[in-house]
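Undergrad: For reference, the chains in residue letters:
2 protein chains.
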Amino acid sequence: MAILKSLGYNLYFGNSAFNSLKAFLTKNKYSSYFILCDENTLQHCLPTLISSCPALATSNIIEIESGEHSKSIDICTHIWQTLTDNFADRNTLFINLGGGVVSDLGGFCASTYKRGIDFIHIPTSLLAMADASVGGKTGIDFNGIKNLIGTFSQPKAVFVHPDFLFTLPKRHVNNGLAEIFKIALVADKNLWLQLQSPSAFKKPEQLILKSIALKNNIVLKDPFDKALRKVLNFGHTIGHAIESHYLGSPEELLHGEAILCGMVIESHLAWQKKLLSKSELDTICKTLIRRCPNVNLPLQPILQLMQNDKKNKNQQVLFALIKKTGNATYNVPASAKQIEASVLFFNSLVK
Amino acid sequence: MAILKSLGYNLYFGNSAFNSLKAFLTKNKYSSYFILCDENTLQHCLPTLISSCPALATSNIIEIESGEHSKSIDICTHIWQTLTDNFADRNTLFINLGGGVVSDLGGFCASTYKRGIDFIHIPTSLLAMADASVGGKTGIDFNGIKNLIGTFSQPKAVFVHPDFLFTLPKRHVNNGLAEIFKIALVADKNLWLQLQSPSAFKKPEQLILKSIALKNNIVLKDPFDKALRKVLNFGHTIGHAIESHYLGSPEELLHGEAILCGMVIESHLAWQKKLLSKSELDTICKTLIRRCPNVNLPLQPILQLMQNDKKNKNQQVLFALIKKTGNATYNVPASAKQIEASVLFFNSLVK
Numbered sequence: 002m003a004i005l006k007s008l009g010y011n012l013y014f015g016n017s018a019f020n021s022l023k024a025f026l027t028k029n030k031y032s033s034y035f036i037l038c039d040e041n042t043l044q045h046c047l048p049t050l051i052s053s054c055p056a057l058a059t060s061n062i063i064e065i066e067s068g069e070h071s072k073s074i075d076i077c078t079h080i081w082q083t084l085t086d087n088f089a090d091r092n093t094l095f096i097n098l099g100g101g102v103v104s105d106l107g108g109f110c111a112s113t114y115k116r117g118i119d120f121i122h123i124p125t126s127l128l129a130m131a132d133a134s135v136g137g138k139t140g141i142d143f144n145g146i147k148n149l150i151g152t153f154s155q156p157k158a159v160f161v162h163p164d165f166l167f168t169l170p171k172r173h174v175n176n177g178l179a180e181i182f183k184i185a186l187v188a189d190k191n192l193w194l195q196l197q198s199p200s201a202f203k204k205p206e207q208l209i210l211k212s213i214a215l216k217n218n219i220v221l222k223d224p225f226d227k228a229l230r231k232v233l234n235f236g237h238t239i240g241h242a243i244e245s246h247y248l249g250s251p252e253e254l255l256h257g258e259a260i261l262c263g264m265v266i267e268s269h270l271a272w273q274k275k276l277l278s279k280s281e282l283d284t285i286c287k288t289l290i291r292r293c294p295n296v297n298l299p300l301q302p303i304l305q306l307m308q309n310d311k312k313n314k315n316q317q318v319l320f321a322l323i324k325k326t327g328n329a330t331y332n333v334p335a336s337a338k339q340i341e342a343s344v345l346f347f348n349s350l351v352k
Numbered sequence: 002m003a004i005l006k007s008l009g010y011n012l013y014f015g016n017s018a019f020n021s022l023k024a025f026l027t028k029n030k031y032s033s034y035f036i037l038c039d040e041n042t043l044q045h046c047l048p049t050l051i052s053s054c055p056a057l058a059t060s061n062i063i064e065i066e067s068g069e070h071s072k073s074i075d076i077c078t079h080i081w082q083t084l085t086d087n088f089a090d091r092n093t094l095f096i097n098l099g100g101g102v103v104s105d106l107g108g109f110c111a112s113t114y115k116r117g118i119d120f121i122h123i124p125t126s127l128l129a130m131a132d133a134s135v136g137g138k139t140g141i142d143f144n145g146i147k148n149l150i151g152t153f154s155q156p157k158a159v160f161v162h163p164d165f166l167f168t169l170p171k172r173h174v175n176n177g178l179a180e181i182f183k184i185a186l187v188a189d190k191n192l193w194l195q196l197q198s199p200s201a202f203k204k205p206e207q208l209i210l211k212s213i214a215l216k217n218n219i220v221l222k223d224p225f226d227k228a229l230r231k232v233l234n235f236g237h238t239i240g241h242a243i244e245s246h247y248l249g250s251p252e253e254l255l256h257g258e259a260i261l262c263g264m265v266i267e268s269h270l271a272w273q274k275k276l277l278s279k280s281e282l283d284t285i286c287k288t289l290i291r292r293c294p295n296v297n298l299p300l301q302p303i304l305q306l307m308q309n310d311k312k313n314k315n316q317q318v319l320f321a322l323i324k325k326t327g328n329a330t331y332n333v334p335a336s337a338k339q340i341e342a343s344v345l346f347f348n349s350l351v352k
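In the order they appear, the protein sequences are chains A and B. Be aware that the first sequence starts at 2, since it is given in this note's numbering, and climbs by one per residue. Be aware that the second sequence starts at 2, since it is given in this note's numbering, and climbs by one per residue.
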């Protein structure tokens with residue numbers, strides 16, 4: 002088992018991670034446990050968790066519907082109400098058993114209930130294992146904008162049990178790979194080269210652990226997203242706008258799917274700005290486009306949605322862009338015309 | 002002008018505090034300003050603020066109704082919506098111009114919008130000046146429970162302009178005095194003795210500054226309410242239950258009014274537990290009871306409301322109690338019978 006030190010907490014990685022969880026529970030003497038899960042993790046992951054940690058058998062279970070629409074203020078209200086109705090005190094442990102939706106939402110509810118109770122993440126999706134469970138960002142969507150309301154709050158620990166990956170449908174595997182491609186593109190050229198080979202995906206544990214370690218290094222240097230950490234937003238400025246645009250529609254995208262599109266488009270932006278060579282752009286597009294959803298992006302709604310991106314300053318949309326593969330820069334402005342050219346470039350590729 | 006150093010920020014106290022605010026605004030180059038106020042501070046305080054700091058003339062103004070009922074998730078939603086509609090970015094400054102309701106609510110909204118934007122407090126009530134503007138607690142009420150949802154988030158600065166006190170109705174003066182009595186009872190016997198003399202109230206600035214300094218000393222030692230800071234909850238376990246009970250009714254109490262009742266009752270509890278002598282209890286009751294609202298407290302609803310107090314552990318209600326005047330202790334359990342006796346004692350005094 003691997004143990005990574007993050008911002009004041011440990012991340013335990015491996016199929017014996019639940020032994021560490023048992024020790025954590027014994028040590029901390031919580032007054033009660035609440036487990037947040039969705040219909041999938043309730044069925045496929047909760048039984049494993051409870052049989053590994055019998056102390057959790059008396060937990061209060063809060064089930065939400067899977068999907069981004071659950072990251073809403075109404076569902077927060079439901080969770081806070083459940084905590085109150087069951088007299089959850091400040092010594093309660095809140096356990097997020099699920100993917101990015103569960104950890105973002107549960108982290109936000111826990112960090113604001115009675116001004117913050119302890120919470121841990123047990124990520125069950127590739128995306129949550131490789132990305133969402135590290136960094137202390139919690140959040141819900143508001144007014145159609147992704148993660149508009151949230152906090153920076155660190156979990157007390159993260160327990161990654163890679164066997165949960167076998168419970169995932171294929172679409173969710175691609176979803177998680179998006180963030181692994183991203184971290185390689187912004188921070189590790191070798192990992193990016195490795196990802197060009199199909200054999201790389203035979204040992205997903207190693208990819209996940211490498212991704213977590215790379216992200217963790219960046220987060221430790223800039224916990225509050227003031228500077229360096231912004232490189233992790235590569236693909237996300239346009240990606241979040243794309244995700245928000247399709248939210249609640251029949252074509253709703255998973256987060257990683259939107260980010261895959263965003264990375265192709267923002268790579269083209271980087272090429273326009275001479276940060277990437279044509280051959281680097283071609284390699285990126287070739288690698289990512291076959292995993293992208295087949296969508297024809299409408300320009301105006303997406304430009305409009307970018308107006309509320311969290312990185313904006315003085316109503317100027319700012320991007321994190323790759324500067325040669327494996328390096329990135331941030332706070333790069335782009336004109337509407339440049340963005341338009343890159344979106345049209347993407348549309349021409351998926352046609 | 003006095004300057005106090007708190008948790009990473011300064012508190013500027015005096016009628017020239019707005020000069021410091023001007024310097025603060027010049028230095029920080031915010032992209033936009035949002036001022037949260039209620040109908041009273043809009044009328045009586047905003048004009049003074051803007052004429053002192055002309056840079057704020059272009060601020061977006063968010064007006065809420067005065068009163069505890071505004072500390073709700075619906076009003077949060079309204080505030081977040083206004084920020085979004087006006088493209089408030091992460092470099093926005095959120096200004097709380099008002100009493101405790103405005104600073105609790107505005108602090109919560111600012112600390113969760115885009116995972117936290119800068120905010121400052123300009124307290125306009127005696128209660129907010131002497132108490133609510135220091136310590137970094139933000140919060141809203143939920144499900145009839147005071148401050149159930151909130152964060153620990155520090156403002157970037159606090160500017161106390163004591164002349165705003167002249168805009169207050171008398172009821173709000175008594176309201177603020179409650180927290181001054183409290184800090185004296187838990188932390189400063191000399192201040193408590195001084196408060197016995199009517200002349201003490203002739204120079205409220207000095208009382209406020211002393212209260213802030215005493216509270217600040219405690220908060221600096223325990224920012225997250227894990228141990229020592231709990232003494233500041235003296236009067237608040239029962240006080241919050243009383244306040245919650247009358248919330249929204251024609252007999253709705255101000256926070257300080259409920260805390261005055263709570264302090265009488267919890268002093269009686271302290272006497273039952275032999276932490277206070279009979280003569281100390283008599284002096285406290287004599288001093289506080291004439292400022293208490295004339296209410297006959299119903300026992301069961303108040304016991305019930307204490308079940309969700311933030312200090313509880315394992316469903317046991319815990320109190321912060323005075324241990325001789327000017328000292329306090331915390332995490333003191335009390336039985337329902339003891340609490341009942343103290344509430345009945347209070348009712349017998351106000352009869």
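Hints are not guaranteed to be accurate.
[Unchecked claim] Below 30 Å or equal to it, Euclidean Cα-Cα: the simulated BS3-like pairs (lysine-lysine) are: (1) A:K222 x B:K222; (2) B:K28 x A:K314; (3) A:K157 x B:K30; (4) B:K222 x A:K30; (5) A:K222 x B:K6; (6) B:K157 x A:K227; (7) A:K157 x B:K314; (8) A:K274 x B:K6.
Just so you know, the hints here were simulated from the structure itself, not pulled from any lab data.
Undergrad: Compare the structure with each hint and give your call.
TA: Results for each hint:
1. Taken as a hint, the K222 (chain A) and K222 (chain B) pair is honoured in the structure, with Cα atoms around 27 Å apart against an allowance of 30 Å.
2. For the hint linking K28 (chain B) to K314 (chain A), the alpha-carbon distance of about 17 Å falls within 30 Å, and the restraint holds.
3. Restraint check for K157 (chain A) and K30 (chain B): the C-alpha separation of about 36 Å exceeds 30 Å, so the hint is violated.
4. Pair hint K222 (chain B) plus K30 (chain A) holds up; C-alpha atoms about 25 Å apart against a cutoff of 30 Å.
5. As the CA atoms of K222 (chain A) and K6 (chain B) are separated by approximately 27 Å, the hinted pair is consistent with the 30 Å bound.
6. Between K157 (chain B) and K227 (chain A), the direct Cα distance comes to roughly 16 Å. Compliance with the 30 Å bound is thereby established for this hinted pair.
7. For the given pair, K157 (chain A) sits about 19 Å from K314 (chain B) by alpha-carbon distance, which is consistent with the 30 Å threshold.
8. The hinted pair formed by K274 (chain A) and K6 (chain B) fails the criterion: a straight-line CA distance of about 46 Å is larger than 30 Å.
Of the hints listed earlier, those the structure fails to meet are numbers 3, 8, in rising order.
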